[in-house]
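Enquirer: Take the sequences, apply the hints, and build the full model.
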Amino acid sequence: SDLAEKIDYLKIRVAEKIIEHTHWPDRQHTHFTIAVLDPSKRSQHLISQIFKGKKPLNKPVKMASIESAEDIQDFFHVIYIARAHLQNHPEILAKAIGKPILVITDSLTSNNKPMANVYYRDNNVGFEINQKKILQQGLRVDDVVLVLGADRGEIKALMEQKEKKLNTVREE
1 SDLAEKIDYL
11 KIRVAEKIIE
21 HTHWPDRQHT
31 HFTIAVLDPS
41 KRSQHLISQI
51 FKGKKPLNKP
61 VKMASIESAE
71 DIQDFFHVIY
81 IARAHLQNHP
91 EILAKAIGKP
101 ILVITDSLTS
111 NNKPMANVYY
121 RDNNVGFEIN
131 QKKILQQGLR
141 VDDVVLVLGA
151 DRGEIKALME
161 QKEKKLNTVR
171 EE
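For the sequence shown, our numbering assigns the number 1 to the initial residue and increments by one for each residue that follows.
There may be inaccurate statements among the hints.
Taking lysine to any residue and the SDA-like style, the derived pairs with C-alpha atoms no more than 20 Å apart in a straight line are [claimed, not checked]:
hint	residue 1	residue 2
1	K95	L135
2	K113	R140
3	K99	S68
4	K132	N167
5	K41	D71
6	K59	L139
7	K165	R121
8	K17	K165
9	K52	E20
10	K99	K41
11	K99	R42
12	K132	E20
13	K113	L139
14	K41	F51
15	K17	S48
16	K17	D71
17	K59	H21
18	K6	R121
19	K6	K95
20	K6	K52
21	K62	R42
22	K62	Y9
23	K17	K95
24	K113	P90
25	K17	N130
26	K17	K52
27	K133	P25
28	K62	P90
29	K52	K62
Derived by calculation from the structure, the hints in this document are not laboratory data. Predicted model, so just to flag it, every value in this text is computed and none were measured.
Expert: Here's what the structure looks like:
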């Protein structure tokens with residue numbers, strides 16, 4: 001339906017902003033690769049449209065389609081898992097662990113916390129970020145995104161970390 005397509009578009013725009021505010025370690029790749037798990041190709045089509053002409057990390061965007069965890073390559077920067085394939089999330093996350101790959105899920109509701117999740121709830125598009133999982137990947141997300149997408153405990157920890165840093169600077 002038109003509404004479902006608009007919602008998917010908005011969720012992918014939110015994912016785009018998360019990607020824009022994520023920092024990867026230097027890797028010698030010629031492209032910024034976004035892999036998509038969505039046999040319907042709708043998410044991949046929307047992502048291609050949104051990233052057309054953009055250059056994350058000053059690299060052209062290359063799209064890849066995956067069907068399972070076996071298709072994951074070390075050169076991927078992002079893996080986007082469409083709502084219909086969330087049952088594959090644990091195996092994909094397991095395969096991506098420890099690699100500088102950001103896994104973004106669409107509407108994950110299980111207790112298996114995602115790295116980044118975009119969702120539509122109560123007539124709003126939103127997102128959540130799991131800083132601990134992102135840091136384990138060797139990635140870093142800007143504070144503004146963490147504060148908007150983190151839970152209360154993560155925000156408190158972030159504020160304490162900033163306060164310690166500020167106190168260290170004051171003492172110098």
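Enquirer: Hints first: check each against the structure and report whether it holds.
Expert: Each hint, compared with the structure:
1. K95 x L135: Judged against 20 Å, a Cα distance of about 16 Å means the pair holds.
2. K113 x R140: The hint holds at about 17 Å.
3. K99 x S68: It holds: about 17 Å lies between the C-alpha atoms, which stays within 20 Å.
4. K132 x N167: Measuring from Cα to Cα gives roughly 23 Å; hence the hint is violated.
5. K41 x D71: Holds, at roughly 16 Å.
6. K59 x L139: holds, 17 Å
7. K165 x R121: The given pair, whose Cα atoms are some 36 Å apart, is violated under the 20 Å limit.
8. K17 x K165: violated, 26 Å
9. K52 x E20: Holds, at about 14 Å.
10. K99 x K41: Distance of about 25 Å is beyond 20 Å: violated.
11. K99 x R42: Not OK: K99 and R42 at ~26 Å, beyond 20 Å, violated.
12. K132 x E20: Holds - the C-alpha atoms of E20 and K132 are around 19 Å apart, at most 20 Å.
13. K113 x L139: holds, 17 Å
14. K41 x F51: holds, 15 Å
15. K17 x S48: holds, 15 Å
16. K17 x D71: Violated, at roughly 25 Å.
17. K59 x H21: Holds, at roughly 15 Å.
18. K6 x R121: holds, 14 Å
19. K6 x K95: Violated. K6 to K95 sits at ~31 Å, over the 20 Å cutoff.
20. K6 x K52: holds, 18 Å
21. K62 x R42: Holds: K62 and R42 sit about 16 Å apart, inside 20 Å.
22. K62 x Y9: This hinted pair holds, its Cα atoms lying about 19 Å apart.
23. K17 x K95: Not OK: K17 and K95 at ~24 Å, beyond 20 Å, violated.
24. K113 x P90: holds, 10 Å
25. K17 x N130: Roughly 15 Å between the alpha carbons, so the hint for K17 and N130 holds.
26. K17 x K52: Holds. K17 to K52 sits at ~14 Å (cutoff 20 Å).
27. K133 x P25: holds, 15 Å
28. K62 x P90: With a Cα-Cα distance of about 24 Å, the restraint between K62 and P90 is violated, given a limit of 20 Å.
29. K52 x K62: Judged against 20 Å, a Cα distance of about 10 Å means the pair holds.
In this structure, the earlier hints numbered 4, 7, 8, 10, 11, 16, 19, 23, 28 are contradicted, and the remaining ones agree with it.
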